[in-house]
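Mind docking chain S on chain B? Use the hints.
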Amino acid sequence: MYTQALNTSDADDRNVEDAARAAAFQARIGADERIEPNDWMPAAYRKTLTRQISQHAHSEIVGMLPEGNWITRAPTLRRKAALLAKVQDECGHGLYLYAAAETLGSSREELVDAMLAGKAKYSSIFNYPTLTWADIGTIGWLVDGAAIMNQIPLCRCSYGPYARAMIRVCKEESFHQRQGFEIMLTLCRGTDEQKAMAQDALNRWWWPVLMMFGPPDKASQHSDTSTKWKIKRFSNDELRQKFIDATVPQAQFLGLTIPDPEMKQDEAGHWVPGPIDWEEFKQVLAGNGPCNRDRLAARRKAHDEGAWVREAAAAYAEKRKRRQFAQAAE
Amino acid sequence: MPIANIQVSETPLVLFTLRRADDALILGHRLSEWCGHAPTLEEDMALANMGLDLLGQARELYSYAAKVEGKANDEDKFAYLRDVRQYRNLLLVEQPNGDFARTMVRQFFYAAFADLYWRAMMQSKDATLAAIAAKSEKESAYHLRHASEWVIRLGDGTEESHRRAQTAIDDLWSFTGEMFAIDDSDRGLIDAGIAVDPAPLQPQWLKTITAVANEATLALPASNWMQQGGRSGRHSEHLGHLLSELQSLQRTFPGATW
Numbered sequence: 401m402y403t404q405a406l407n408t409s410d411a412d413d414r415n416v417e418d419a420a421r422a423a424a425f426q427a428r429i430g431a432d433e434r435i436e437p438n439d440w441m442p443a444a445y446r447k448t449l450t451r452q453i454s455q456h457a458h459s460e461i462v463g464m465l466p467e468g469n470w471i472t473r474a475p476t477l478r479r480k481a482a483l484l485a486k487v488q489d490e491c492g493h494g495l496y497l498y499a500a501a502e503t504l505g506s507s508r509e510e511l512v513d514a515m516l517a518g519k520a521k522y523s524s525i526f527n528y529p530t531l532t533w534a535d536i537g538t539i540g541w542l543v544d545g546a547a548i549m550n551q552i553p554l555c556r557c558s559y560g561p562y563a564r565a566m567i568r569v570c571k572e573e574s575f576h577q578r579q580g581f582e583i584m585l586t587l588c589r590g591t592d593e594q595k596a597m598a599q600d601a602l603n604r605w606w607w608p609v610l611m612m613f614g615p616p617d618k619a620s621q622h623s624d625t626s627t628k629w630k631i632k633r634f635s636n637d638e639l640r641q642k643f644i645d646a647t648v649p650q651a652q653f654l655g656l657t658i659p660d661p662e663m664k665q666d667e668a669g670h671w672v673p674g675p676i677d678w679e680e681f682k683q684v685l686a687g688n689g690p691c692n693r694d695r696l697a698a699r700r701k702a703h704d705e706g707a708w709v710r711e712a713a714a715a716y717a718e719k720r721k722r723r724q725f726a727q728a729a730e
Numbered sequence: 198m199p200i201a202n203i204q205v206s207e208t209p210l211v212l213f214t215l216r217r218a219d220d221a222l223i224l225g226h227r228l229s230e231w232c233g234h235a236p237t238l239e240e241d242m243a244l245a246n247m248g249l250d251l252l253g254q255a256r257e258l259y260s261y262a263a264k265v266e267g268k269a270n271d272e273d274k275f276a277y278l279r280d281v282r283q284y285r286n287l288l289l290v291e292q293p294n295g296d297f298a299r300t301m302v303r304q305f306f307y308a309a310f311a312d313l314y315w316r317a318m319m320q321s322k323d324a325t326l327a328a329i330a331a332k333s334e335k336e337s338a339y340h341l342r343h344a345s346e347w348v349i350r351l352g353d354g355t356e357e358s359h360r361r362a363q364t365a366i367d368d369l370w371s372f373t374g375e376m377f378a379i380d381d382s383d384r385g386l387i388d389a390g391i392a393v394d395p396a397p398l399q400p401q402w403l404k405t406i407t408a409v410a411n412e413a414t415l416a417l418p419a420s421n422w423m424q425q426g427g428r429s430g431r432h433s434e435h436l437g438h439l440l441s442e443l444q445s446l447q448r449t450f451p452g453a454t455w
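Chains B and S are the protein sequences, given in the same order. Here the first sequence stands for residues 401 to 730, numbered as in the numbering used here. Here the second sequence stands for residues 198 to 455, numbered as in the numbering used here.
Bound-form chain B, shown alone:
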């Protein structure tokens, strides 16, 4: 579903192997050429991208959990089918993002192991719980909406496999976003209880969603390299503002109140939010969000309980290969 601006590129350990090659590489970036897996690239570029794409993949997979929490309780058969298909889409996104990361030389297993060991990050937003059906609408509307804001520019990212994966992902995300909004619209036109459910969900998700864009530009130290490499094309604050400006009228249309009494519109028409609690963001990234432990535990459980299945498949494939080999030898 989503890549988060965690601002952890590798500018410091960048070793410029060869000044001429590095200059030629930067010239290609400057000319908006796509870098492909077999092309030369600086080690730090490879490392930054591997980290960003795998974090994005982990986010898709962990992101299946909060929404998956409502598949068995979806209120109608149509909603149930749509939600199951949506969460399945997230799984598909995870798969092709892992494949894109693999083109940089790390295996899916290595990357997944790092996530399960708690060493790799995933988007902070998935460490919040889905308490009511309105949370499913809100995630589609806001979380997928924020993801699209972040990911549209990534369709033009300098690394070819990532950019191409993003084009497909964005198409599906925009469908999810409309689906989420439609859930909200139905709730807001429903009973008083349903409308209260929608408002409550917005109240809980609004601030965490704003945090999805990453720390404010003034506190962010590492964006420069990503910008230079055209991995990142807009700053965290620019994207956040774009998202807020797009979302406020949607909330008004729904008849919902943005839970920010300090928010006001400036002269240019931008909606300026009150202060974001970055301490909460820091805590969630540090593992102290409401669901960090549950999310990792669920992924580890699936991984551990699936081990015998994966072993069986490998053992069977091996047996089959030997049998075919023996047959061919006869």
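Just so you know, the hints here were simulated from the structure itself, not pulled from any lab data. Do not rely on the hints blindly, as some may be mistaken.
Claimed, not checked - Where chain S lies over chain B, by a calculated footprint (3+ residues, C-beta under 8 Å):
no., region
1, 480-486
2, 489-500
3, 598-608
Note that beta-carbon positions come from the ideal geometry of N, C-alpha and C, so glycine has one too.
For chain S alone, coordinates are given in the frame of chain B:
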């Protein structure tokens, strides 16, 4: 004030259609429980895919049952506002997922039946049922292939996977007979060429099951004792829990539109 269960006029055609719809919904629901928790990402997608196929079948069948019944019921009322005693699915499909071997063996037993059954139902004199059968047959054929491949991999994989697959076969075997049973309500429809008698399909089903089990080095139980009751609403204890989850929002907020 909770909404009461709906009343259903179970004429033979309504009952017949609801039985198939309930099979598809309950099995689809079970498969959807795996979403986000499967042994591999590829399998997570496959299980969701099969769940979606079944959910789609259920929706078409419920809608048709509603049309035939001609009352105020619709797909959601059938799914969300009948209690355990009104559900008409096979006992097999409501059995809990258990481990991956159990889920796959359950899928294998059912898909091997559904594939044959829907293919035969394509000849139904009821045009709607024949059309639903044509779509369901294609899906079931894929489900059967997928499940068969897993049963073989697990049976002929490691010692542990073999043991788990064998346990699943032993535990689920007694729920397979119900697929081939009929009652008085079915008989008239069979005579009229609207429904298919499943009994003559059993030898072919057994042939498929036996061939796969042999390749998987798994043994089929010798016991012929078969459990029944799902078709008339006498279920296992598992279904009530599934329904309490499935129906929770509709029961908590009666009459709301979602």
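Going through the hints against the structure:
1. 480-486: holds (count 4)
2. 489-500: holds (count 5)
3. 598-608: violated (count 0)
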